[in-house]
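Undergrad: When we follow the numbering used here, the leftmost residue of the sequence shown carries the number 426, and every step to the right adds one.
Be a bit skeptical, because a hint or two may be false.
[To be verified] Label pairs and their computed distance ranges (CB to CB):
1. 474 - 433: 14 to 20 Å
2. 474 - 499: 19 to 25 Å
3. 437 - 525: 18 to 24 Å
4. 492 - 521: 19 to 25 Å
5. 453 - 474: 15 to 21 Å
6. 499 - 470: 19 to 25 Å
7. 471 - 517: 36 to 42 Å
8. 437 - 516: 27 to 33 Å
9. 507 - 470: 17 to 23 Å
10. 438 - 473: 15 to 21 Å
11. 432 - 492: 31 to 37 Å
Honestly, the hints are just simulated from the structure, not real lab data. The beta-carbon is built from N, C-alpha and C at its ideal position, and this holds for glycine as well.
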Amino acid sequence: MYKKITKNDKVTRKITDVHSADNYLTKETTKNISLAINKLDGKLDLVKTVNERVFYFISADVNFIIDNEKIHFEDGDVLYLSKDTNYSATGKFEAVVINSPAFGVIKE
Numbered sequence: 426m427y428k429k430i431t432k433n434d435k436v437t438r439k440i441t442d443v444h445s446a447d448n449y450l451t452k453e454t455t456k457n458i459s460l461a462i463n464k465l466d467g468k469l470d471l472v473k474t475v476n477e478r479v480f481y482f483i484s485a486d487v488n489f490i491i492d493n494e495k496i497h498f499e500d501g502d503v504l505y506l507s508k509d510t511n512y513s514a515t516g517k518f519e520a521v522v523i524n525s526p527a528f529g530v531i532k533e
């Protein structure tokens, strides 16, 4: 099985004034994995993961606070977060974000 997903298939979500996501692969397509391009320009408040999450930073100058530890990320870095990890972020990034199991988005 395969599925071609184009830019016309994406679901764009404005999460906050400074955080957005272009969702390409969601649990509506497959329950095992999802893929989005996330953008941040400012402060991301505390998030607790409900799945495993990987960020590949296309461009970044951002500080994450992960379980009370400050970590800086730049272009080309990768961040893996296990389920139930607390994090927040301040700065700017564009990242490919992969979740397993898949993150769901409902088209409006």
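Undergrad: The structure should be examined with respect to each hint, and the outcome stated for every one.
TA: Cross-check of the supplied hints:
1. 474 - 433: 14 to 20 Å: violated, 29 Å
2. 474 - 499: 19 to 25 Å: holds, 22 Å
3. 437 - 525: 18 to 24 Å: holds, 22 Å
4. 492 - 521: 19 to 25 Å: holds, 23 Å
5. 453 - 474: 15 to 21 Å: For residue 474 against residue 453, whose Cβ atoms are near 20 Å apart, the range 15 to 21 Å holds.
6. 499 - 470: 19 to 25 Å: holds, 22 Å
7. 471 - 517: 36 to 42 Å: Given range 36 to 42 Å: violated, Cβ gap about 19 Å.
8. 437 - 516: 27 to 33 Å: Violated, since residue 437 and residue 516 (Cβ atoms, about 21 Å apart) do not stay within the stated range.
9. 507 - 470: 17 to 23 Å: holds, 20 Å
10. 438 - 473: 15 to 21 Å: holds, 18 Å
11. 432 - 492: 31 to 37 Å: holds, 35 Å
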